[in-house]
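Colleague: Protein sequences appear in the order of chains Z and E.
First residue of the first sequence? That's 85 in the working numbering, and the numbers climb one at a time after it.
First residue of the second sequence? That's 41 in the working numbering, and the numbers climb one at a time after it.
It is worth saying that the hints were derived from the structure and are not from the lab.
Treat each hint with caution, since some may be false.
What the hints assert, rightly or not - Straight-line C-alpha distance at most 20 Å; calculated EDC-like pairs for lysine to aspartate or glutamate: (1) E:K65 with Z:E335; (2) Z:K373 with Z:E335; (3) Z:K377 with Z:E338; (4) E:K78 with Z:E335.
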Amino acid sequence: MFTALKMDALLNILNNLTSIEFLFALMFGVIGGIIIGALPGFSSTMGVALLIPITFGMSPVAGITMLAAIYSASTYGGSISAILIHTPGTSSSVATCIDGYQMTLKGEGLKAIGVSTVSSVIGGLVGAIALLLISPPLAKLSLKFSAPEYFLLAVFGLTIISSLSAETIVKGLASGVFGLLLGMIGVDIMTGISRFSFGFTTLEGGVPVIPPMIGLFSLSEVLIQVEKIKIRKEKKLVQKYLGSMFLSLKEFKEILPTISISSIIGLIIGILPGAGADIAAWVSYDQAKKFSKTPEKFGTGYVVGVAASEAANNAAACGALIPLLTLGIPGSVTTAVLYGGLLIQGMRPGYQMFTKYADITYAIIIGLIVANILMGIFGLLSAKHLSRISSLPTGMLAPFIVVLSVVGTYAATSNIFDVFLMIFFGFIGYFIRKANYSNAGIILGLILGPLAEAGFRQSIVMSKGDMLGYYFGRPICVILLILIILSILTPVALSYLKKGRR
Amino acid sequence: MKRAIHLDVYVSGIFLVLSVFMYSKTFVMHSGAALFPKILLISLFCFSIITFYRGIKKSILIVRTRNQKEMLNHSKLKLSLSALMIFIIYTISIKYLGFFVSTTFFVMGFMKFCGVQNIRKILISVIIADLLIYALFVVQLNIFFPKGILF
Chain Z
85 MFTALKMDAL LNILNNLTSI EFLFALMFGV IGGIIIGALP GFSSTMGVAL
135 LIPITFGMSP VAGITMLAAI YSASTYGGSI SAILIHTPGT SSSVATCIDG
185 YQMTLKGEGL KAIGVSTVSS VIGGLVGAIA LLLISPPLAK LSLKFSAPEY
235 FLLAVFGLTI ISSLSAETIV KGLASGVFGL LLGMIGVDIM TGISRFSFGF
285 TTLEGGVPVI PPMIGLFSLS EVLIQVEKIK IRKEKKLVQK YLGSMFLSLK
335 EFKEILPTIS ISSIIGLIIG ILPGAGADIA AWVSYDQAKK FSKTPEKFGT
385 GYVVGVAASE AANNAAACGA LIPLLTLGIP GSVTTAVLYG GLLIQGMRPG
435 YQMFTKYADI TYAIIIGLIV ANILMGIFGL LSAKHLSRIS SLPTGMLAPF
485 IVVLSVVGTY AATSNIFDVF LMIFFGFIGY FIRKANYSNA GIILGLILGP
535 LAEAGFRQSI VMSKGDMLGY YFGRPICVIL LILIILSILT PVALSYLKKG
585 RR
Chain E
41 MKRAIHLDVY VSGIFLVLSV FMYSKTFVMH SGAALFPKIL LISLFCFSII
91 TFYRGIKKSI LIVRTRNQKE MLNHSKLKLS LSALMIFIIY TISIKYLGFF
141 VSTTFFVMGF MKFCGVQNIR KILISVIIAD LLIYALFVVQ LNIFFPKGIL
191 F
C-alpha cells in the first residue's frame with residue numbers, strides 16, 4: 085500500500101500528523117467525543133453535525149480526523165453512562181447496560197469501565213487498521229463507475245439509510261425523496277433555470293448542507309429533550325465506585341478471545357451498509373453468550389458480556405467508514421453526516437481519496453488509529469468524573485447545544501438567514517422524528533441529490549433512448565439494482581416474518 | 041376519546057400537499073430541468089398516500105384501543121413549540137442586541153425555562169458559554185458576530 089505512495093506524499097502525511105493543529109483537533113475530538121457519548125440522549129450523530137462548522141477553519145486532515153475521532157470516541161463514551169448510571173449514552177451501548185450496570189451494582193463499576201475501555205480500544209484499532217488495509221483496493225472499484233453507476237449508487241445509499249433509520253421502508257424512502265427534492269432547489273447547472281427557490285435569492289445557489297444538518301440532528305434533539313423536562317427524574321448515582329479499573333492478566337486472558345471475535349464480527353457488520361454499531365453490539369453479545377462455556381453468567385455482571393458489545397460497536401464504527409471513503413456509501417447514520425463533512429472540505433469519496441488526496445486520507449486513517457489509543461488513555465483517566473457529567477440535567481446542556489447550533493450555522497456563511505433556515509429544519513426534524521421518518525435519509529438525499537440527478541440525466545443521453553437495456557447491459561449496474569431491490573425488500577420481508585411469529 | 045389523529049396523517053398530509061404544489065411549479069420549467077423533480081414528486085406522492093392510509097388506520101385503532109401513547113401529546117407539543125419560539129426570538133435579537141448580549145439573555149432565560157433555578161449555576165453557565173464561543177470562534181477561527189446596538 086505504502087509502496088504506491090510517493091516519498092513527498094509520505095512526508096506530507098508526516099507533516100500533517102505532527103502539526104499542532106492536527107494534535108489539537110485530535111485531542112478535542114477524543115475528549116469531546118467521550119463527553120458527547122457519555123451524555124444520555126445526545127447521539128454521536130448530533131455531536132458530529134454540531135461540530136462540523138468548527139472544521140471550516142481547519143485543514144482537511146485536522147477537520148476530518150476530529151470528526152472521525154468524535155464518532156469513534158462517542159461510541160465508547162456511551163458505555164460510561166451505560167455502566168455507571170444504567171442509561172446508555174448512545175444506542176450502540178444498550179447491550180453494554182446488561183452486564184455493565186450489574187457489575188456497578190456489585191461494586192465493580194470501575195472494573196467494567198476498564199473492560200469497556202480495553203475492548204473499545206482494541207475493537208476501534210481493528211476497525212481502523214482494516215480501514216487502512218481494505219480501503220485502497222476496494223476504492224479501485226470506483227474507477228469502473230460512470231454516470232449510471234453513480235446514479236444507482238446514490239439510490240442504493242438512500243435506500244440503505246432509509247431502511248436503517250425510519251420506522252417503515254416507505255417512510256424512509258419518503259424521507260430520502262424529500263431530501264433529494266431539497267437538493268433540487270436552486271439554479272439547475274445544466275439549463276441555468278432556477279427551481280423551487282420561491283424568490284429567495286439566497287436559495288438560488290441551493291440549500292446549504294449545514295443548516296439542515298444542524299437543525300435536523302441537533303436542534304430537533306433539544307426540542308425532543310425539552311419535552312421530557314417535566315418527567316425526567318434525576319438518575320441516582322452510585323456514590324462510591326470501588327475496586328480498580330485495571331485488569332489482571334487472568335481477566336485479560338479471559339476476555340481476549342471474545343474481544344478478538346467480537347471485533348471481527350463488528351468490523352464485518354460495520355462494513356455492510358445498513359447495519360450499524362448497535363446491531364453489531366447485539367449480534368456479538370448474542371454470539372459470545374451462545375459460544376460461552378458459562379452462558380448463565382451473562383446478565384449477572386460478567387466481564388465477557390461488556391467486552392463483547394464494546395469491542396463490536398467500536399469496530400463497527402470504524403468499519404462503517406470503509407464503504408463511505410471508498411464508494412461513497414454511508415454504512416451508518418453518523419457516516420451519512422460525515423459524508424457532508426467530507427464534501428465541505430472539498431473531498432469526494434472514491435478512488436481519488438487514495439490517489440490525489442492520498443496524503444490527506446492516510447493521515448486521517450492514521451489519526452483515527454491514534455485517536456483510538458488516546459480514547460483509551462482519556463477514558464481511563466476521566467471515567468469516574470464523567471459519571472457526573474452523564475447525570476447533568478437537560479436544562480444545563482440544552483442552552484449550550486442551541487448556542488453552538490446557532491454559532492455553527494452562522495460561522496459557515498456569516499448569514500443570519502442560514503440560522504433561520506436551521507431553526508426551520510429543527511422544527512421539521514422534530515416532527516419527522518416524532519413520526520419516525522428518517523432525518524438521516526433527508527440529509528443524505530440533500531447531499532446526493534445533485535450527484536443522482538447528474539448521473540440520471542447523463543445516463544439518459546448515454547443510453548440513446550434504451551435506458552433499461554443500457555442499465556442491464558452494465559454488470560455493476562445489475563449488481564447495484566439487485567442490492568437496491570434487496571435493501572427495499574429485506575425490511576419488508578423481516579417485518580412480515582416478525583408478524584408471522586407473533 | 042372523541043377524536044384522535046395519528047401524527048402520520050399530519051406529516052404525510054403535508055407531504056401530499058407539498059408534492060402537488062411543487063409538481064404544479066414544474067409545468068413552467070424547461071423539460072430537462074423538470075424531469076428528475078417530477079419523478080421525485082410522483083414518488084413522494086405515492087409514498088405519502090401509503091403512509092396517509094396507514095395513518096388513518098392507526099387513528100382508528102387509537103380510538104378503539106384508547107392508546108394514549110400513539111397520540112400527539114399537546115402539553116408536550118406546547119413545551120417544544122414554546123422552546124422553538126424562544127429560539128426564534130433569540131435569533132432575531134442577535135441582529136438588534138448583538139450576539140453576546142443576546143446569548144447571555146438566552147442562556148439565562150432558556151435555563152429558567154428548562155427548570156434550572158440555581159442562580160449560581162445559571163451565571164456560571166452564561167460565563168462559560170460566552171467565554172467558550174469568544175475563545176473558539178472569535179479568537180481562534182476569526183468569525184465576527186453581529187454587534188447590534190450594544191456591542
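Colleague: Kindly indicate which numbered hints from before are broken by the structure, ordering the numbers from low to high.
Modeller: 1 and 4
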